[in-house]
Amino acid sequence: MAEPSYAEQSPIGVAVRSRCPRCGRGHLFNGFLNLAPRCDVCGLDYGFADPADGPAFFVMMTAAVPATAFGIWLELTYSPPLWVHAVTTLPIVLIACTLPLRFFKGWLVAEQYIRKAEEGRIARPSASTRDQTE
Numbered sequence: 001m002a003e004p005s006y007a008e009q010s011p012i013g014v015a016v017r018s019r020c021p022r023c024g025r026g027h028l029f030n031g032f033l034n035l036a037p038r039c040d041v042c043g044l045d046y047g048f049a050d051p052a053d054g055p056a057f058f059v060m061m062t063a064a065v066p067a068t069a070f071g072i073w074l075e076l077t078y079s080p081p082l083w084v085h086a087v088t089t090l091p092i093v094l095i096a097c098t099l100p101l102r103f104f105k106g107w108l109v110a111e112q113y114i115r116k117a118e119e120g121r122i123a124r125p126s127a128s129t130r131d132q133t134e
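When we follow this note's numbering, the leftmost residue of the sequence shown carries the number 1, and every step to the right adds one.
Honestly, the hints are just simulated from the structure, not real lab data.
Nothing here was measured: the structure is a model prediction, and the numbers come from that model.
Don't take every hint at face value.
[Claimed, not checked] Cβ pair distances, simulated, as ranges:
1) Asn30 <-> Ile72: 36 to 42 Å
2) Thr62 <-> Thr88: 19 to 25 Å
3) Glu75 <-> Arg121: 46 to 52 Å
Glycine included, C-beta positions come from ideal geometry on N, C-alpha and C.
Build the full structure now, drawing on both the sequences and the hints.
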């Protein structure tokens with residue numbers, strides 16, 4: 001029996017829709033940030049996926065810095081009481097740092113699948129390579 005063919009998925013499209021990087025229809029997540037064990041449509045095992053700290057890094061670089069800069073600007077410009085920061089800056093930082101995590105995690109998982117990224121391994125030199133170096 002022939003393996004079914006799937007249309008190539010865009011990593012950004014996979015991230016926006018939170019769908020399977022192979023078929024584009026199955027769910028990528030169980031809950032907000034937990035990867036599903038496998039695609040519920042095509043059966044792709046998501047065991048290959050290990051975005052590690054990548055999503056957190058991208059969120060810190062794209063969202064946390066401007067959100068924190070807002071709080072610093074607010075303090076230096078108006079010197080408001082602490083409750084103003086609790087009502088404005090805290091929610092902005094929490095929202096700006098939480099919502100994009102799912103997108104970035106989906107994007108990195110899709111990139112790992114599409115690019116066939118794997119954990120690095122140190123190759124053992126073959127006998128012919130050893131003979132040349134001696």
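Taking the hints in turn, this is what the structure says about them:
1. Asn30 <-> Ile72: 36 to 42 Å: Check passed, 37 Å falls within 36 to 42 Å.
2. Thr62 <-> Thr88: 19 to 25 Å: 20 Å, holds
3. Glu75 <-> Arg121: 46 to 52 Å: This hint holds: roughly 49 Å between Cβ atoms.
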